[in-house]
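Peer 1: First to last, the sequence lines map onto chains E and R.
When we follow this note's numbering, the leftmost residue of the first sequence carries the number 1, and every step to the right adds one.
When we follow this note's numbering, the leftmost residue of the second sequence carries the number 1, and every step to the right adds one.
Source of the hints: derived by calculation from the structure; they are not laboratory data.
Treat each hint with caution, since some may be false.
Treat identical chains as interchangeable: a pair holds within one or across any two.
[To be verified] Dumping the calculated EDC-like pairs for lysine to aspartate or glutamate here, alpha-carbon to alpha-carbon at most 16 Å: (1) Lys81 with Glu112; (2) Lys81 with Asp19; (3) Lys76 with Glu8; (4) Lys118 with Glu63; (5) Lys13 with Asp114; (6) Lys81 with Glu63; (7) Lys13 with Glu112.
Number of protein chains: 2
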Amino acid sequence: MSELKIEETSTFKPKFSSDGLIPAVAMDFKTKEPLMLAYMNAESLQKTLEIQQAVYYSRSRQEIWHKGATSGQYQKIHSIKTDCDQDAIILYVEQLGGGACHTGRSGCFYREVDLTDKAQLNFSE
Amino acid sequence: MSELKIEETSTFKPKFSSDGLIPAVAMDFKTKEPLMLAYMNAESLQKTLEIQQAVYYSRSRQEIWHKGATSGQYQKIHSIKTDCDQDAIILYVEQLGGGACHTGRSGCFYREVDLTDKAQLNFSE
Chain E
1 MSELKIEETS TFKPKFSSDG LIPAVAMDFK TKEPLMLAYM NAESLQKTLE
51 IQQAVYYSRS RQEIWHKGAT SGQYQKIHSI KTDCDQDAII LYVEQLGGGA
101 CHTGRSGCFY REVDLTDKAQ LNFSE
Chain R
1 MSELKIEETS TFKPKFSSDG LIPAVAMDFK TKEPLMLAYM NAESLQKTLE
51 IQQAVYYSRS RQEIWHKGAT SGQYQKIHSI KTDCDQDAII LYVEQLGGGA
101 CHTGRSGCFY REVDLTDKAQ LNFSE
């Protein structure tokens, strides 16, 4: 009896959420620094595999988003990993154009949460 | 004129998706290895901050999921980072109980996608 079929297959069978999206974390292929988290739909993921550059799906604009097409901040794919149940992926990329973040920083995760600040324990959804 | 209010505030104001969830990537605080990606709702994130252990929201079971409560695979929070627009978080954790993944591995991202396999260019949603 095999209970771990999805987990052990070598075939890439990405599992999209009910909204048709899968989260993708881009990381620098050299430093392993996490650069950003965005989403892909099937079309953008296929495009990513085809052109070997990160192509996301913009939830706010509701359209395919070839990162770098307007900013020059392309992400060249070096490798892709998927997780046990294949509902998330990590892109190891070479970040071009100076940085991944629209603020001009190398990556988007530049801000550390103050864990001693009790006031933040009551944020709303 | 400030166009980067969300990006530059030091206040933690997590932005949940329309389904009330925010993706959280757990990484080993020492090795920076990505361990897993899961989701939190406001309640589970508040609980995470309170007990300093990762508490997720299970989308399949539709309930709060205190990781480790049944498996012993607790994740002790060392620090938390959020991204520019605060709609994703990274947890730097000390992974207890042997590993993060239910397959017994240290992390869930153990599988590399074969980028030369053209057959996978036509997966369905």
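Peer 1: Now tell me if each hint is right for this structure.
Peer 2: Hints versus structure:
Taking the closest pair of Cα atoms, lysine 81 and glutamate 112 come within 16 Å of each other only across two copies (4 Å); inside a single copy the shortest separation is 26 Å, beyond that limit. Neither within a single protomer nor between protomers do lysine 81 and aspartate 19 lie at most 16 Å apart by alpha-carbon distance, with minima of 22 Å and 26 Å respectively. Taking the shortest alpha-carbon separations for lysine 76 and glutamate 8, neither the intra-copy value of 28 Å nor the inter-copy value of 28 Å comes in at or below 16 Å. For a Cα distance limit of 16 Å, the shortest separation of lysine 118 from glutamate 63 qualifies neither inside one copy, at 38 Å, nor across copies, at 24 Å.
Taking CA atoms no more than 16 Å apart as the test, lysine 13 paired with aspartate 114 passes between copies only; the shortest distance there is 12 Å, against 38 Å inside one copy. For the identical chains of this complex, lysine 81 and glutamate 63 are neighbours neither inside a copy (24 Å) nor across copies (27 Å), given an alpha-carbon limit of 16 Å. Only between protomers do lysine 13 and glutamate 112 lie at most 16 Å apart by alpha-carbon distance; the minimum there is 12 Å, versus 34 Å within a single protomer.
In summary, the numbered hints that this structure violates are 2, 3, 4, 6.
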